[in-house]
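Put together the whole structure using the sequences plus the hints.
Line by line, the protein sequences are chains H and P.
Residues 1 to 599 in this note's numbering are what the first sequence spells out, letter by letter.
Residues 1 to 187 in this note's numbering are what the second sequence spells out, letter by letter.
Don't take every hint at face value.
In silico DSS-like links for lysine-lysine, alpha-carbon gap of 27 Å or less [stated by the list, open to error]:
hint, chain 1, residue 1, chain 2, residue 2
1, H, K360, H, K390
2, P, K134, P, K154
3, H, K149, P, K161
4, H, K360, H, K482
5, H, K378, H, K581
6, H, K149, P, K154
To be clear, the hints were calculated from the coordinates, so they are not data collected in a lab.
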Amino acid sequence: MSYFDNSMSTSSVSVQSDWFSRELTIPFFNPAEELFDELLVDFSDYCSTELLTFDSLKVLPIQLSQTLPRTIGFAFPESPQWTAPEPKVSKSVSIETKFEEHDDKSETDDAKPRKTITRIRPPGDLVRLEDRLYYVLQPPMETIIQSAKLTFPFQPFPYQLEGVAFLFPRDAAILADEMGLGKTMQAITAIRMLLLSGELKNVLLICPKPLVTNWMREFRQWAPEIPLAIIEGDSAKRNWIWTNPQAPVKIANYELMMRDRDVFETNSLHFDLVVLDEAQRIKNRNSTTSEIVRSIPRTRSWALTGTPIENSVDDLVSIFEFLAPGYLRDDMHLKSLGKATRDYILRRTKDKVLSDMPPKLFRPAELELTGEQRASYKSAEEDGIIQLSKMGESVTIHHVFELVLRLKQICNFDPATGASAKLERLEADLEEIAASGQKAIIFSQWVSTLDILGERLAKYNPLYYHGGVPSNKRDGVIDQFKNDPKNKVILMSYGAGAVGLNLQFCHYVFLFDRWWNPAVEDQAINRAHRLGVKQPVTVTRMMSLETIEERIHDVLEQKRELFNSLFAETGTPQNLGLSQKEIFGLFGLKVPKYQPKVA
Amino acid sequence: MKAGMDANRHNKTISLGFVTVRHHPIHGYFGGYLIVNSLARPLEFHCTLPVQPTRAQQILYGNTLGEFVCGEQIARALVTKAKGTPEVLFSDTPAVLTLRHMQSIPMAVIDSPDEANGSLPRPSCLRDNYHRFKAFGELLSVLPEFADDSERIKRLFDSDKAPLDLIEPFGRIEEALMEAHPATKAA
Numbered sequence: 001m002s003y004f005d006n007s008m009s010t011s012s013v014s015v016q017s018d019w020f021s022r023e024l025t026i027p028f029f030n031p032a033e034e035l036f037d038e039l040l041v042d043f044s045d046y047c048s049t050e051l052l053t054f055d056s057l058k059v060l061p062i063q064l065s066q067t068l069p070r071t072i073g074f075a076f077p078e079s080p081q082w083t084a085p086e087p088k089v090s091k092s093v094s095i096e097t098k099f100e101e102h103d104d105k106s107e108t109d110d111a112k113p114r115k116t117i118t119r120i121r122p123p124g125d126l127v128r129l130e131d132r133l134y135y136v137l138q139p140p141m142e143t144i145i146q147s148a149k150l151t152f153p154f155q156p157f158p159y160q161l162e163g164v165a166f167l168f169p170r171d172a173a174i175l176a177d178e179m180g181l182g183k184t185m186q187a188i189t190a191i192r193m194l195l196l197s198g199e200l201k202n203v204l205l206i207c208p209k210p211l212v213t214n215w216m217r218e219f220r221q222w223a224p225e226i227p228l229a230i231i232e233g234d235s236a237k238r239n240w241i242w243t244n245p246q247a248p249v250k251i252a253n254y255e256l257m258m259r260d261r262d263v264f265e266t267n268s269l270h271f272d273l274v275v276l277d278e279a280q281r282i283k284n285r286n287s288t289t290s291e292i293v294r295s296i297p298r299t300r301s302w303a304l305t306g307t308p309i310e311n312s313v314d315d316l317v318s319i320f321e322f323l324a325p326g327y328l329r330d331d332m333h334l335k336s337l338g339k340a341t342r343d344y345i346l347r348r349t350k351d352k353v354l355s356d357m358p359p360k361l362f363r364p365a366e367l368e369l370t371g372e373q374r375a376s377y378k379s380a381e382e383d384g385i386i387q388l389s390k391m392g393e394s395v396t397i398h399h400v401f402e403l404v405l406r407l408k409q410i411c412n413f414d415p416a417t418g419a420s421a422k423l424e425r426l427e428a429d430l431e432e433i434a435a436s437g438q439k440a441i442i443f444s445q446w447v448s449t450l451d452i453l454g455e456r457l458a459k460y461n462p463l464y465y466h467g468g469v470p471s472n473k474r475d476g477v478i479d480q481f482k483n484d485p486k487n488k489v490i491l492m493s494y495g496a497g498a499v500g501l502n503l504q505f506c507h508y509v510f511l512f513d514r515w516w517n518p519a520v521e522d523q524a525i526n527r528a529h530r531l532g533v534k535q536p537v538t539v540t541r542m543m544s545l546e547t548i549e550e551r552i553h554d555v556l557e558q559k560r561e562l563f564n565s566l567f568a569e570t571g572t573p574q575n576l577g578l579s580q581k582e583i584f585g586l587f588g589l590k591v592p593k594y595q596p597k598v599a
Numbered sequence: 001m002k003a004g005m006d007a008n009r010h011n012k013t014i015s016l017g018f019v020t021v022r023h024h025p026i027h028g029y030f031g032g033y034l035i036v037n038s039l040a041r042p043l044e045f046h047c048t049l050p051v052q053p054t055r056a057q058q059i060l061y062g063n064t065l066g067e068f069v070c071g072e073q074i075a076r077a078l079v080t081k082a083k084g085t086p087e088v089l090f091s092d093t094p095a096v097l098t099l100r101h102m103q104s105i106p107m108a109v110i111d112s113p114d115e116a117n118g119s120l121p122r123p124s125c126l127r128d129n130y131h132r133f134k135a136f137g138e139l140l141s142v143l144p145e146f147a148d149d150s151e152r153i154k155r156l157f158d159s160d161k162a163p164l165d166l167i168e169p170f171g172r173i174e175e176a177l178m179e180a181h182p183a184t185k186a187a
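Following this line, the structure appears as structure tokens:
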């Protein structure tokens, strides 16, 4: 509808308005009579109108409303200066958050490259707008780090800053990066920033005992200004350390928690943050360790693990009993589980975030048993299956395990003659490796196997790293392996050597016998293939053909594919071991009706 | 140090204001205002409810509608509501500059590529006769009638470098607007 009737005469008139500080000149018009009411309706929403008479014309001056739009707003407390004390490390890098320096003669700013920024995002369980905006409006990680003058011994990777940004706002989180991607560094940096911002005052970090010195070293490297307290010593000393407020970060080990459980009750201790390293240690929720850890009074709960699902989804549910009790249920479907946990878990794999990292080269070593081994194996398997069948309903998973383990040992060495197809292959490979000046790690699940290998490979001056080596000597073994050129080989058990060690100077890994669980194998491999490695790591997985080893391998491959398809969306880790049904199925047996639960 | 610099120009005491207006094709205009300290940490945040000019306003203001809605309505509401008073107001929305006529804080628009400022477009502006100058690695514009603002802005920091990225806060404001008005995420 046109408000202007061109058949009527019009003139301009000056209009002064309280709203404007300047004059507006608008035409006034003499609308047709029938339009008056419409115009009044249109304009009356926001202004007052009066009909005036100007000469013989009716005119409609408009006085504009002064109502401003409604706003909502929040104030945030001024943050502290975030200036860290001067670190004692001599070499450090600071992160540049500003644009690269331009030559002043450059002609345009349009060509200026924009740096990557890593934002902190509010977790999904934050509901209040003010709380969500608090995190949305924080500056990027790079700006925070620079403004707080935080320095690092090495430049963090972008994915590591994302990991810190993931942890920073979360009360409950699992950092499940693949082994070797720097979970330790990310956790330490997040703790450092939260301490500096005043959001945390005291932190408890619980790890396996062999890793306590590793954590101390990492804190010295990544957050040298943070005082640490290690829970150790006799009962009186430990009690004093627990209650000492001087150290904002305390490090304890799982084994010790059982002894000191009363400390929390009698001293009314509370931690702003409890971090569990290798959190799969609490996958059995009924264990005493799990119960004690869950009972620690705390505000935030983080879990670090490369294998949140080691054997079954129950492992993940158990970890969540620590993070957010009652949040997950045992009967949840896999897909529901994935969706429910998506916001709490961050997992990256090397191939996704470190595309320029040297690769892992897998060399499957599929070997025929020697004649002696084959004869022993056949006899043992036939006898074993007959015995299992005779036991009927009284057969248990332990009986099956025993047979499996016996057969696997024969795949390593013939019990009568000591013949070994694997060793023959290993000796040939080691000759080449040693000749090129390189070193190798050899894993086995049996200390007795490692002892035999140590004798047979004596010319390479092997070192041992397994449960039989005293804890206080283990660091020395690693140092010697690293620095002494005479020691070409280190013999490790999966249990002792698979967790937490850094051996990235070593480029050859041999899995002399396979573990039940690919996750544990991956951990072992990642002792060498981790940040800092400069060359590809060659991994030789030894497997005896037409034996129980091959059957186990096939079942695990099937499970891996199935899990991949279910968890593809959520990115949840994919490692699973064998179920009871699968273990019985290795020998064509069915699970008896009544079976004791396996720990 | 540049001449005329005040004693209180220690970077750590300075607060800076960042105001932006975005236009959603369905819901209208949204404004956001963030005050930060010189460490880029947030001090205050304000945003408007959606503003949709009426048909009468569209007729009345014609080509100056952008300046009216963005500067005289939205930006004015935001700056008036805030408790803090920053040293300078930066904007990525040229139409907001008209606010300078109504208050005394120096104001400048930062030229920035669209992709640095999120998914919602900024309203267009009729004027282009700004006084342009370079400072802190950015190309800034002020109204010609307030050309002195350029000198006050240049003296803002102790050096030629700003202690924070002057473009980055606008990204935060847009994300905050999307948090406050979830309907805009569907655009």
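Status of the hints after comparison with the structure:
1. K360/H to K390/H: Between K360/H and K390/H the Cα gap is close to 46 Å, so the pair fails against 27 Å, i.e. violated.
2. K134/P to K154/P: Satisfied, since the Cα-Cα distance of roughly 9 Å is no more than 27 Å.
3. K149/H to K161/P: 17 Å, holds
4. K360/H to K482/H: 20 Å, holds
5. K378/H to K581/H: 23 Å, holds
6. K149/H to K154/P: This hinted pair holds, its Cα atoms lying about 25 Å apart.
The structure does not agree with numbered hint 1 stated previously, though it agrees with all others.
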